[in-house]
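Enquirer: Could you slot chain B onto chain A? The hints should help.
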Amino acid sequence: EDQVTQSPEALRLQEGESSSLNCSYTVSGLRGLFWYRQDPGKGPEFLFTLYSAGEEKEKERLKATLTKKESFLHITAPKPEDSATYLCAVQSNAGGTSYEKLTFGQGTILTVHP
Amino acid sequence: ETGVTQSPTHLIKTRGQQVTLRCSSQSGHNTVSWYQQALGQGPQFIFQYYREEENGRGNFPPRFSGLQFPNYSSELNVNALELDDSALYLCASSNRGYEQYFGPGTRLTVT
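Which chain is which? The protein sequence lines are A and B, in order. For the first sequence, the working numbering gives the first residue as 359, with consecutive numbering after it. For the second sequence, the working numbering gives the first residue as 160, with consecutive numbering after it.
There may be inaccurate statements among the hints.
[What the hints assert, rightly or not] Heads up, incomplete: computed chain B residues facing chain A, CB under 8 Å, no partners named:
| id | residue |
| --- | --- |
| 1 | Gly175 |
| 2 | Gln176 |
| 3 | Gln207 |
| 4 | Pro220 |
| 5 | Pro221 |
| 6 | Arg255 |
| 7 | Glu258 |
| 8 | Gly262 |
Hints in this document: simulated from the structure, not taken from any laboratory. Note that the Cβ used here is the ideal one computed from N, Cα and C, for glycine as well.
Extracted from the complex, chain A is given alone in its bound form (with noise of 0.2 Å):
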């Protein structure tokens, strides 16, 4: 069974502090990595997707790393805006499954204050 374990829970940071949030993942066939934001109340928004060991991408202050067996959100000089709950889930090509099952973690919820 897929597993998804995110870390920390919470992260608290000021302005400009960088920091990084941890996913660790189970999967029998990595189909695909994927980072969400999620405001209060509202629907997961996409940010990226990882599909390989070694794989990078990055929008704004935010950059995304992939290894066999995490992924790592960078946060550079963050701003309040940033602040929101980030979620990892994964994608299993496993057994040919033929739908595409999101397994989430539980979100790490950050707080930059100004």
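Expert: Just chain B, lined up with the frame of chain A:
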């Protein structure tokens, strides 16, 4: 390009009642997935529809059922509501093999 929309935004039901939630997929997308998100948790996969057929299901009982229509919109039906069904219900649309884009969700409260 129109994003994923869901209705209603909020809903309050009594235990034992039935509820129908609706989702319009993003333009050009042919696959719809439904997720349940309890407070403080990540979304949990309920099921997925492709070409009007259910083609995958998570660990949810049969009282959770759905439909997909020819225009790729979808419904989630829940019968015999229980208190634990209180959650944010999320719909996501995609083209097979690509990223899933989520709607704003429907907040269901069961009393």
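Enquirer: If a hint holds in the structure, say so; if it doesn't, say that too.
Expert: We went through each hint and held it up to the structure:
At its closest, the beta carbon of Gly175(B) sits 27 Å from a beta carbon of chain A; the interface hint therefore is violated under the 8 Å criterion. Hint status for Gln176(B) relative to chain A: violated, with the closest Cβ pair at about 23 Å, above 8 Å. For the restraint placing Gln207(B) at the interface with chain A, the shortest Cβ-Cβ distance is roughly 5 Å, inside the 8 Å limit, so the hint holds. The criterion of a C-beta within 8 Å of any C-beta in chain A is not met by Pro220(B), whose closest approach is roughly 17 Å, and the hint is violated.
Checking Pro221(B) against chain A by beta carbon gives a least distance of about 18 Å; that is not within 8 Å, so the hint is violated. Interface hint at Arg255(B): satisfied, since its Cβ lies 7 Å from the closest Cβ of chain A, which is below the 8 Å cut-off. A hinted interface residue such as Glu258(B) counts as satisfied when its beta carbon comes closer than 8 Å to some beta carbon of chain A; here the least separation is about 5 Å, so the hint holds. Evaluation of the Gly262(B) hint against chain A yields a held restraint, the C-beta minimum of about 5 Å falling below 8 Å.
When held up to the earlier numbered hints, the structure conflicts with 1, 2, 4, 5 and fits the remainder.
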